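Novice: Below, each chain spelled out in residue letters.
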Amino acid sequence: MISIFQNYGGELLQGFGQTLLCSVIALFFSLIIGSMFAIFETTPIKFLRVIARIYIEVFRNIPLLVITMFFFVVIPMFVVKIGGFTAGTIGLTIYTSAFIAETVRAGIQSVDPGQMEGARANGLSFWQAMRYIVLPQAFRYVIPPLGNQFINLVKNSSVLAFVAGFDLMYQGNVIASDSLSTMSTYMCVGVLYLVITMPLSYWMRHLEKKLAS
Amino acid sequence: MSMIEFHDVEKYYGDYHALHDINLTIDNGETVVLIGPSGSGKSTLIRTINGLETIQKGQLIVNGQDLAEKKTDMNRIRKNVGMVFQHFNLYANKTILENIMLSPRLVLKRPEEENKKFAMELLDRVGLADQAPKLPAQLSGGQQQRIAIARSLAMKPKALLFDEPTSALDPEMIDDVLNVMKDIARDSDMTMLVVTHEMGFAREVANRVIFMADGQILEDDSKEKFFDGQPSNDRARQFLSKIITH
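Order-wise, the sequence lines are chains A and B. Just so we're aligned, residue 0 is where the first sequence starts under numbering that gives the first Met the number 0, counting upward by one. Just so we're aligned, residue 0 is where the second sequence starts under numbering that gives the first Met the number 0, counting upward by one.
Next comes chain A alone, as it looks inside the complex (with noise of 0.2 Å):
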């Protein structure tokens, strides 16, 4: 293993940075992305509950892959060209999102409808007593869950391998056959894969116990 570290360093360290910005990127754009469609799914105007409804039922239901390999063979076919890592963002971005409006739409549902009641009958738009005051609790509830989708983005993050997006899978692979050994590389690959989610984890406790209190 460390002669892995010594003589494909540079490669991994390159694939390591990839996966954490592929997972910063689709990380912010999935929450905001989910949370739109978690708060569509919870307003009283038809039309957004539907838009919300079927992107959240296409998207969660079709393979990570394939959403990827849409915008990286179909969407440079008729659109614009894009690269292997901008596909997989996007496509990691748009799969978590889907995760992602369910469980917070999940927390919107666990703040007491006495909440958004009260904050209307004080004159209160929809969108204000959402942001003032039903999302800040929802979120304190869907800590955890979100926690747990975090985590799987970073991990599926490695569908980047599939699309030549250069990420630490991408590397690893490229590693194992050059130097045939394998059980090492992967090791490796798994112990960077822990260096970021490890933290993620733990920082998502700390705040799950913050706000608790």
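Calculated directly from the structure, the hints in this document are not laboratory data. Note that the structure is predicted; figures quoted are calculated from it, not measured. Wrong hints could be hidden among the right ones.
To be verified - Coverage of chain A stretches by chain B, computed from C-beta distances (three or more under 8 Å per stretch; other residues unrestricted):
#1 109–118
#2 131–138
As the list claims (entries may be wrong) - The following residues of chain B were derived to be distant from chain A, with all beta-carbon distances above 12 Å:
#3 Leu107
#4 Phe117
#5 Leu138
We put the beta carbon where it would ideally sit given N, CA and C, even for glycine.
Got chain A sorted already, so can you dock chain B onto it with the hints?
Specialist: Quick look at chain B alone, frame taken from chain A:
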């Protein structure tokens, strides 16, 4: 001038006929008490006034605006018509002071300093100025309900709706809340519509008493007629004798 007008209003929940042929006018500054057995439609009726429930038929005019009209802005109505709920519905994630200051800040754009000063005045008026930095969960039910009243008053509404404001409270808390409500009824020209079974409150400050059953208004009397004379409706008479001897 009338503040609230119901004309032939009907309300359904699916097949269930919740409000039936409601005709009711409440004038500016009136204090009206609404009583009736549970399931009679009292809460539904007052919740239609600020649009928390929609009506299916008839006309409902609040503060000069027809609620059924598309161009009517519900948020504008709610600026002028406050509501106090049975379970208080204070914002669990905000301090007491923030609970009171939020709507005036966001909706009325009241300057921060003036907003805070007025909020503290209101807290003082309901006797809870020392609770300002706490969270709602740290207060008793009676205290929370007084905060909820202060929160509504912060918007300087023309009318206040009370949906069973004391039914979720311990008996010893009820008086504190009723006293705050009596002060408002006496000292201001606010229109008040109160769903309650507190007959002492009705006797002291109400102008009118309305009795509802099965989604209908069966009795609409002056306070004097309702308590000193006898309600003409049988069910109202029975109901009254039950809650008064109770």
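Novice: Need the list of violated hint numbers for this structure, in ascending order.
Specialist: 3
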